[in-house]
Amino acid sequence: MALKIPNALHKQLRQHGEETYPHECCGVLTGGIDEEGRKTVQAIVRCGNTRTDSLANRHNISPAELVRIQREAALAGRDIVGFYHSHPDHPAQWSATDLAEAHWTGCSYVITSVEHGRAVLTNSFQLLGQEENKRFEDEHIEVIDQ
Amino acid sequence: MSVKVLIPTPLRPYAGKQSVIEVTAQTVGEALNDLVTKHPDLRKHLFSEDGKLRSFVNVYLNDEDVRYLSKDATPVKETDTIIIVPSVAGGR
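Chains as they are written, first to last, in this note's numbering: chain A, 1 to 146; chain B, 1001 to 1092.
Please keep in mind that the hints were generated in silico from the structure rather than gathered at the bench. None of these values were measured; they are calculated from a predicted model. Don't take every hint at face value.
Derived lysine-lysine pairs resembling DSS-like cross-links, with alpha carbons at most 27 Å apart [claimed, not checked]:
1. B:K1052 x B:K1038
2. B:K1017 x B:K1038
3. B:K1044 x A:K134
4. A:K134 x B:K1077
5. B:K1004 x B:K1017
6. B:K1077 x B:K1052
7. B:K1044 x B:K1071
8. B:K1052 x A:K134
9. B:K1052 x B:K1004
10. B:K1004 x B:K1077
11. B:K1038 x B:K1071
12. A:K134 x A:K4
13. B:K1017 x A:K134
14. B:K1052 x B:K1017
15. A:K4 x B:K1017
What follows is a set of in silico ranges between Cβ atoms, one per label pair, in the way DEER data are often shown [said to hold, decoys possible]:
16. B:E1064 x A:G129: 26 to 34 Å
17. B:K1077 x A:R118: 45 to 53 Å
18. A:R118 x B:K1044: 39 to 47 Å
19. A:H116 x B:L1069: 22 to 30 Å
20. B:P1013 x A:S95: 49 to 57 Å
21. B:M1001 x A:R38: 32 to 40 Å
22. A:E72 x B:L1069: 16 to 24 Å
23. A:A74 x B:K1077: 19 to 27 Å
All residues carry an ideal CB built from backbone N, CA and C; glycine is no exception.
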């Protein structure tokens, strides 16, 4: 299963990680999910990181912000299809913390490694299973012209 | 009275693929109870075995976190919307 994302939005989420370096950035991907579960990103929403105690290696999106994003996405005919964050000076690979704190089954978790302030790799992982046996699977990112 | 509950994408497979479900309730607790009565598969995704809301599940009444209102006892009105939002966090 691939995550489709327009080139401009792909660039924007990578740029977000460069702007917040050496801190983690985070945000929400909204778009559409077809009947076979294929997701297309139509908008990204930058979020603030509420983990001010550990900005370089933790992120948390305020539930109030998620509520607002979910409502605005619904009004635009979109759903929350995933989330993104950066790993400053760390690989674009999910961590044990990422898995423990992931609860949106079926959604994409996009991670960009930012090395010395420059975005390097961007990978996506789909959360599968249920809370008790959840797991991340690699998900191909298809960058589309749009 | 009838109140809307917004279902987030990960829980829709357990709620008949619906994004909005109408429930009948006077309080937030009754609304959630009616929701899981109508869609029993949702129960274990919202509540732990001791019947408490799971720690990563946030429940909002319009723009307010019900934990900072009167929790389950928070009264609801016909025009209210209850929003279920799992938390989003992580880190390397």
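**Prompt:** Regarding the pair B:K1004 and B:K1077, is the alpha-carbon distance no greater than 27 Å?
**Reply:** holds, 10 Å
**Request:** Confirm or reject the claim that B:M1001 and A:R38 have a C-beta distance inside 32 to 40 Å.
**Result:** With Cβ atoms ~39 Å apart, the hint holds.
**Consistency of beta-carbon spacing, B:L1069 to A:E72, with hint 16 to 24 Å** = holds, 23 Å
**Request:** Verify the proposed pairing of B:K1044 with B:K1071, using a straight-line Cα cut of 27 Å.
**Result:** Distance of about 19 Å is within 27 Å: holds.
**Item:** Distance restraint hint 26 to 34 Å, applied to the beta-carbon atoms of B:E1064 and A:G129
**Value:** Roughly 32 Å apart at Cβ, these two residues keep to the hinted range, so it holds.
**Asked** Is 22 to 30 Å right for how far apart the beta carbons of A:H116 and B:L1069 are?
**Response** violated, 46 Å
**Asked** CA of B:K1044 to CA of A:K134, is that 27 Å or under?
**Response** holds, 14 Å
**Message:** Need the status of pair B:K1017, A:K134: alpha-carbon distance at most 27 Å?
**Reply:** holds, 20 Å
**Message:** 39 to 47 Å was suggested as the range; check whether the CB atoms of A:R118 and B:K1044 agree with it.
**Reply:** Because 44 Å falls inside the window, the suggested range holds.
**Request:** Measure nothing beyond the straight line between the CA atoms of B:K1017 and B:K1038; if it is 27 Å or shorter, mark the hint as holding.
**Result:** holds, 13 Å
**Message:** Hint check: B:K1052 vs B:K1017, CA-CA at most 27 Å. Holds or violated?
**Reply:** Between B:K1052 and B:K1017 the Cα gap is close to 24 Å, so the pair holds against 27 Å.
**Prompt:** Is A:K4 within 27 Å of B:K1017, Cα to Cα?
**Reply:** holds, 22 Å
When the structure is compared with the earlier hints, violations turn up for hints 4, 19, 20 and for no others.
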